[in-house]
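Q: First to last, the sequence lines map onto chains A and B.
Going letter by letter, the first sequence gives residues -1 to 286 in this note's numbering.
Going letter by letter, the second sequence gives residues -1 to 286 in this note's numbering.
Rather than coming from a laboratory, the hints here were simulated on the basis of the structure.
On a predicted model such as this, the values are computed, not experimentally measured, just so you know.
A couple of the hints might just be wrong.
Since the list gives no way to pick out one identical chain from another, each pair is judged satisfied if it fits inside one copy or across any two copies.
As the list claims (entries may be wrong) - No farther apart than 30 Å at their CA atoms in a straight line, the calculated lysine-lysine pairs in the DSS-like style are these: (1) Lys169 x Lys104; (2) Lys253 x Lys104; (3) Lys253 x Lys223; (4) Lys3 x Lys169; (5) Lys20 x Lys3; (6) Lys17 x Lys3; (7) Lys206 x Lys227.
2 protein chains.
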Amino acid sequence: MEVIKETAEMQALAAELIKEGKSIGFVPTMGYLHEGHLSLLQQARQQNDKVILSIFVNPLQFGPDEDLDAYPRDEQRDLTIAEENGVDIVFLPVEETMYPHPLSLKLSVVNRADVLCGRSRPGHFDGVVTILAKLFNLCRPDRVYFGMKDAQQVAVVDALIEDFNFPVELKSVSTVREKDGLAKSSRNVNLSALEREEAPFIQQALQKGRMLAEEGENDIDVIVKETMKFIESKTHGKIDYVELLSYPELEPVDKIDRQVILAAAVQFQHARLIDNVVFDETGAISKG
Amino acid sequence: MEVIKETAEMQALAAELIKEGKSIGFVPTMGYLHEGHLSLLQQARQQNDKVILSIFVNPLQFGPDEDLDAYPRDEQRDLTIAEENGVDIVFLPVEETMYPHPLSLKLSVVNRADVLCGRSRPGHFDGVVTILAKLFNLCRPDRVYFGMKDAQQVAVVDALIEDFNFPVELKSVSTVREKDGLAKSSRNVNLSALEREEAPFIQQALQKGRMLAEEGENDIDVIVKETMKFIESKTHGKIDYVELLSYPELEPVDKIDRQVILAAAVQFQHARLIDNVVFDETGAISKG
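Here chain A stands alone, though its shape is the one from the complex:
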């Protein structure tokens, strides 16, 4: 496994791989790898000749009130995990390498950003697409892998690739779940014992909402309200949002006549959990 820190070196190696006809699978991360990342790496490993993992805690996607310095880091552990999971190249730049001087251009997300988690994190997705545009040009992947747990991120990356014709195929990977249905997350350890028992009801509530659509319910408000009611009745968490939007456009819908996402964010005492389900006009799960 090669560990690369410089942009020029990364770009040169990617160019070499492309000329050799190797397909490149790319998993961009902020490190502190967990099982969600492993499922991305696994799929990248299956579908490509070479797997590039990037580890970079991107300051541009942190808001002024978000603690960049407190973001967990464990480089040695990450490298061990990468090696064990068949990564060929780890791209591990420092901030000065990725942002050597202030940017002259600004890339902003004008649609798909101001809903769901994006509403409370203004500028977050601008930072995400900026670093991804840079990483795409440095690592030049054929396929890039993201988890459907962050469905909004997948939608925004879809727009990035589509709007700017990046020669990259977006692969969204199903959310990894505990046996009881709770989406795996590094935040789950911050749940109390009781909260941990309640947390799986978020996914159950979303499935209940989806099933209403499957049974023919076409009133968005009813579906959202029933989903909220279920979460409220089964957990002590405070609902941040439950939203039903078109997917991946993330626009409000009057009725379910296309692919939609039903997504929730619930604040527990020391952990904010998010989850979602994506389904089509028949109510059948289509992603995630």
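Fit chain B to the given chain A structure using the hints.
A: Then chain B, alone, in the frame of chain A:
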């Protein structure tokens, strides 16, 4: 010579060329080719295995008061010229192909745009970098060619490539001039006979300004004022601007201690002419 209209086909062909180890030189244009373009094609031909010419009148870089429909077009003539000048591939998309739906992201130029010609064309360079990002991803060039006549455009493209790590080398090509020094431009035909005689004094004025620097003059205001005075005394044109800025950063400078541009725009009765000279701290011409 191949003529390609679809984005997917262009992207597939570029990928094929890259895998074959062919270097790609790219000349993006809005068509209506003139001698300036030919010098770009010529250099691209010399330095690359394959030359791609794109012809696309990009609506995004026209302001609301600028007449997109009146922009001159002559596809058949352009294709003949392309063929005669050794172009391998012409990429000739229509608007619906390049912008099939409204963009979800917005790319803006925050530095380098609000000076020189950019000041009177708000949003113009946003449109330029957006279409270029798309074209870079579709044509995937090793080298891209722009004329130094539009020095601000070169500076903005430099920022695009630098900020987003596009794997493209920017080649700026010297302005093609008439024997008397007038920069060649399709707008020159709109000059009256007298104006045509006066127009070469723009470049002479810029060179005079540069020579002041060469002789040790370090007061920016003096250089700009002398340049303006010379243009005013020698032509009937109305000066739109004469500016001296760092290059390619296009920032104001206190003194000439790095590479700078001295640029002018002069409005004649039916033609607005621009020209520039780029020189280093010794006053020696370094570009253009």
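Q: Starting from the hint list further up, note which numbers the structure goes against and sort them upward.
A: none
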